[in-house]
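Per UniProt numbering, the first sequence starts with residue 1, numbered consecutively.
Hints in this document: simulated from the structure, not taken from any laboratory. Only a predicted model underlies this, so the values are computations on that prediction, with no experimental measurement involved. Glycine is no exception: its CB is placed at the ideal position from the N, C-alpha and C atoms. Some clues are possibly wrong.
Simulated restraints, written as ranges between beta carbons of each label pair [to be verified]:
(1) P131 to Q185: 41 to 51 Å
(2) N108 to K153: 48 to 58 Å
(3) N127 to Q183: 31 to 41 Å
With a straight-line cut-off of 20 Å between C-alpha atoms, the simulated EDC-like cross-links for lysine to aspartate or glutamate are [stated by the list, open to error]:
(4) K119 to D154
(5) K145 to D112
(6) K182 to D154
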Amino acid sequence: MEGEAPPLVPPHNSSYFFTTSLPSTSLHLPSLLHPPQLESQIAPDFDWVALLSGPIGYGDPNSVPASASVITSENRGEEEKGGKEKRKASRTKKAIRPKFAFQTRTTNDILDDGYRWRKYGQKAVKNSTYPRSYYRCTQHMCNVKKQVQRLSKDTSIVTTTYEGIHNHPCEKLMESLSPLLKQMQFLSRF
DNA sequence: CGGTTTTGACCAGCGC
DNA sequence: GCGCTGGTCAAAACCG
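Build the full structure now, drawing on both the sequences and the hints.
Structure (structure tokens):
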């Protein structure tokens with residue numbers, strides 16, 4: 001079976017899933033806080049701030065507008081072990097972690113979401129021309145992961161799946177907000 | 001030199 | 001039980 005389109009929805013029980021189309025190749029947080037003109041399936045009242053200020057995929061699935069193409073399936077939990085035990089545990093215990101998947105129309109596989117990621121694997125997947133890449137948050141003690149895969153059906157679309165909760169602030173977000181916070185602190189003195 | 005990417009090997013889950 | 005598949009590890013290569 002050649003060219004069989006991968007399912008629009010990721011195979012796992014994603015917490016959230018929606019499709020969007022970005023004009024640029026990157027997804028800088030400031031622009032996300034004020035989303036550009038997306039020819040998207042995202043509701044205009046989509047809670048971007050909650051999505052991005054909180055850990056990715058975090059929060060109440062009910063807060064996601066029904067008009068967004070969303071799958072909600074709560075799966076949250078923990079996994080903390082060392083070495084192979086951890087590896088084993090992460091596979092045996094059905095990973096109960098928040099997941100969040102979305103698609104972007106971009107030529108760039110790497111989505112700049114403000115966090116720093118280290119690639120730890122790449123794998124050819126069945127029924128897909130393009131490999132799936134596996135990334136992990138570089139922040140120590142933060143075991144958030146993400147998968148990136150380009151659709152073979154529509155090569156301009158990249159599916160990004162986040163898994164887990166960041167336990168630290170977003171560097172770029174803090175970077176961009178710090179002048180504003182300083183200004184607010186200054187003004188609050190009056 | 002330290003951090004990141006690449007890539008083959010390994011392992012567990014799942015379907016048959 | 002076996003083979004397939006997806007996810008991860010880890011050593012080597014690469015890069016700034």
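Check each numbered hint against the structure and report the violated ones by number, ascending. Failing hints, ascending: 2, 3, 4, 6.
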